[in-house]
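Peer 1: Residue-level listing of the chains:
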Amino acid sequence: MPTRYVLIGNSAAALEAIRGIRKHDREGAITVINREEGPAYSRVALPYYVAGEMTLNDLLIRQRPDYGSLGASLVEKENVTAIDAAGKKVMLASGKKVEFDKLLIGTGSETIKPPIQGLDQVPHHYLWTLDDAIGMKKAAEKAQTAVVIGGGFIGMLAAEALRKLKIKLTIVEMAPILLPQLLDEGAGKLFLQAVRDEGVTVRTDALVSALAKKGDAIEVTLKDGTTFTVDMAVVATGVKPHVQCVSNGAVTVNKGIVVNEYLASNHPDIYAAGDVAETKDFLSADRSIYAIWPTAVEQGRAAGANMAGAKQVYPGGLGMNVVELFNVTLAQLGRFREGAGDDVKMLNQGGDGLYRKVVVDKNGTLVGAVYLGNENGAAEMGVIHSAIKRREKWQGFQDGRPPVFTYASVMHRVPRY
Amino acid sequence: MKQIVVHQEKCTACRECELACSFSHENIFSPTLSRIRIADFYEEQFYQPMVCVHCADAPCAAVCPTVAIQRQTDGQIKVLDDRCIGCKMCLLACPFGVMGFSPEKGVAHNCDFCDGDPQCVQFCTPGALEFKDVVAIEALAKQKAAAALGLPKA
Chain W
1 MPTRYVLIGN
11 SAAALEAIRG
21 IRKHDREGAI
31 TVINREEGPA
41 YSRVALPYYV
51 AGEMTLNDLL
61 IRQRPDYGSL
71 GASLVEKENV
81 TAIDAAGKKV
91 MLASGKKVEF
101 DKLLIGTGSE
111 TIKPPIQGLD
121 QVPHHYLWTL
131 DDAIGMKKAA
141 EKAQTAVVIG
151 GGFIGMLAAE
161 ALRKLKIKLT
171 IVEMAPILLP
181 QLLDEGAGKL
191 FLQAVRDEGV
201 TVRTDALVSA
211 LAKKGDAIEV
221 TLKDGTTFTV
231 DMAVVATGVK
241 PHVQCVSNGA
251 VTVNKGIVVN
261 EYLASNHPDI
271 YAAGDVAETK
281 DFLSADRSIY
291 AIWPTAVEQG
301 RAAGANMAGA
311 KQVYPGGLGM
321 NVVELFNVTL
331 AQLGRFREGA
341 GDDVKMLNQG
351 GDGLYRKVVV
361 DKNGTLVGAV
371 YLGNENGAAE
381 MGVIHSAIKR
391 REKWQGFQDG
401 RPPVFTYASV
411 MHRVPRY
Chain P
1001 MKQIVVHQEK
1011 CTACRECELA
1021 CSFSHENIFS
1031 PTLSRIRIAD
1041 FYEEQFYQPM
1051 VCVHCADAPC
1061 AAVCPTVAIQ
1071 RQTDGQIKVL
1081 DDRCIGCKMC
1091 LLACPFGVMG
1101 FSPEKGVAHN
1111 CDFCDGDPQC
1121 VQFCTPGALE
1131 FKDVVAIEAL
1141 AKQKAAAALG
1151 LPKA
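Protein chains in written order, with the numbering used here: chain W, 1 to 417; chain P, 1001 to 1154.
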């Protein structure tokens, strides 16, 4: 009998898992359970929809027939309420049960609700699901001013989208810099200045303590007592693994679903990939969750292949981010904020808007990098990315010049005949 | 499928290819907008033309969150401008550093073989670039490897 694969989730991890499975198994039946409506859309593109640069149709990265052509069936608008690990069944909110031989949990992340007084009483917007984006776009059409609570990755993407709509912004971030997960202090300061130069009000080291309705507007109160009013509020205070469907203890959950190097949980037939999976880390002995698209793709592929019987080892999660905001391109790889024993190589200090830094561990191995500069320069981060993955050593400065990171610099050092 | 094959030992870093590429695609002579770039090590007189190799398992296409990078029927890896949102994840995914970006269009770009007549190849005076069928390229690589090992030509 062909294997029955069930995938919970319909984004990067699950979509790549379909491919991973089909590389090794052309017969098995694949069922994709989506809690939202419709075929897959790109979460990464949502800010572009809010900014009016893409239509709803543009956001789709699959059409319904695409599932069928890969021998997969898509179940829409169904929530998984529980997983019966022993009976190998998935329980749906509608009361239906779906049996599986191999299960992938790729439910992703959900937004974190911050402890702000009065939050439930005022209209506010997240930017995580398609419905969120549709709601935010509608609100933005009527707004002239907005507060963005949280200056992290999502917060800044929301801010950039609203700025394109000519909305006057105040960003409130609790760290001393914007994008604290993406930038070190040096690049962070440069970026903060670039954002302020665009006329955006940024409050760092600040917390929103309360929100209140004031007519049609919203009054924002900061912890230090300052108040101001805005037309709309955006909440972007982070995400956490979406683990409700395993809250009955079907599999071991720490921060996310704990998986081994094959992306299997403590139950040999239940796998997890993407934002919901807690995997080993590429650079350290720790376990980690990088809630980013590229890791979801990598993990989804490997998990799918392993569900279909391959023995693909996932080498561990490695952080990587790139974004262009306020006319600056920012990118980060691995351990970009140096730890104890690490060595920092500054390639550019920030003059002329160019900041390049490489982090090397105590053995001389490349472990991280930060880039702030123009669009094209970010290509070298791809080369550094692959060098980190191959655990290459830092080659040193050449004649006092910073090294040029091109693939050729790697090939050049391979003995040629 | 046809590919651009690089004869590194013939490259003199004259950079005609970079100018030809940027002019034919962007109507401007700008090496930073070229899809082929010369990595230079002047002190060591080592020059390496770098251009998209249209990987069999292309990391840029795998990572693209809007499925804007797709393999065409002729085998090439192509960025579809109307789907690209300019997020630059492909730039971070390319181990060769040959995914470029056009600030004007706001989209990523790689070698597109100039619709079958690569201008970099046309303008490469030293003959370091050739546009050849992959089967021929493989045969060439085998010959080179055999020569390096001192084996007779097959």
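I should point out that these hints are in silico values taken from the structure, not numbers from a laboratory. Note that the structure is predicted; figures quoted are calculated from it, not measured. Do not rely on the hints blindly, as some may be mistaken.
[As the list claims (entries may be wrong)] Heads up, simulated BS3-like pairs for lysine-lysine below, C-alpha to C-alpha not over 30 Å straight-line:
(1) P:Lys1105 with W:Lys164
(2) W:Lys113 with W:Lys214
(3) W:Lys142 with W:Lys166
(4) W:Lys214 with W:Lys189
(5) P:Lys1078 with W:Lys23
(6) P:Lys1105 with W:Lys189
(7) W:Lys240 with W:Lys138
(8) P:Lys1078 with P:Lys1132
(9) P:Lys1105 with W:Lys23
(10) W:Lys389 with P:Lys1142
(11) P:Lys1105 with W:Lys168
Peer 1: Regarding the pair Lys214 (chain W) and Lys189 (chain W), is the alpha-carbon distance no greater than 30 Å?
Peer 2: violated (34 Å)
Peer 1: Taken at face value, is the distance from the CA of Lys138 (chain W) to the CA of Lys240 (chain W) at most 30 Å?
Peer 2: Holds: Lys240 (chain W) and Lys138 (chain W) sit about 26 Å apart, inside 30 Å.
Peer 1: Does the structure keep Lys142 (chain W) and Lys166 (chain W) at a Cα separation of 30 Å or less?
Peer 2: holds (11 Å)
Peer 1: Holds or violated: Lys1105 (chain P) with Lys164 (chain W), Cα cutoff 30 Å?
Peer 2: holds (17 Å)
Peer 1: Straight-line Cα separation of Lys1078 (chain P) and Lys1132 (chain P) no greater than 30 Å?
Peer 2: holds (19 Å)
Peer 1: Keeping to a limit of 30 Å between CA atoms, is the pair of Lys1105 (chain P) and Lys168 (chain W) held or broken?
Peer 2: holds (26 Å)
Peer 1: For the pair supplied as a hint, Lys1105 (chain P) and Lys23 (chain W), is the alpha-carbon distance within the 30 Å limit?
Peer 2: With Cα atoms ~36 Å apart, Lys1105 (chain P) and Lys23 (chain W) exceed 30 Å; violated.
Peer 1: Could you grab the alpha-carbon distance between Lys113 (chain W) and Lys214 (chain W) and see if it respects the 30 Å cut-off?
Peer 2: holds (22 Å)
Peer 1: Measure nothing beyond the straight line between the CA atoms of Lys389 (chain W) and Lys1142 (chain P); if it is 30 Å or shorter, mark the hint as holding.
Peer 2: At roughly 28 Å apart (the allowed maximum being 30 Å), Lys1142 (chain P) and Lys389 (chain W) satisfy the hint.
Peer 1: Between Lys1078 (chain P) and Lys23 (chain W), is the straight-line Cα distance small enough, at 30 Å or below?
Peer 2: Roughly 23 Å separates the two Cα atoms, so the pair holds.
Peer 1: Does Lys189 (chain W) sit within 30 Å of Lys1105 (chain P), going by the straight-line distance between their CA atoms?
Peer 2: holds (29 Å)
Hint check: violations occur at hints 4 and 9; the rest are consistent with the structure.
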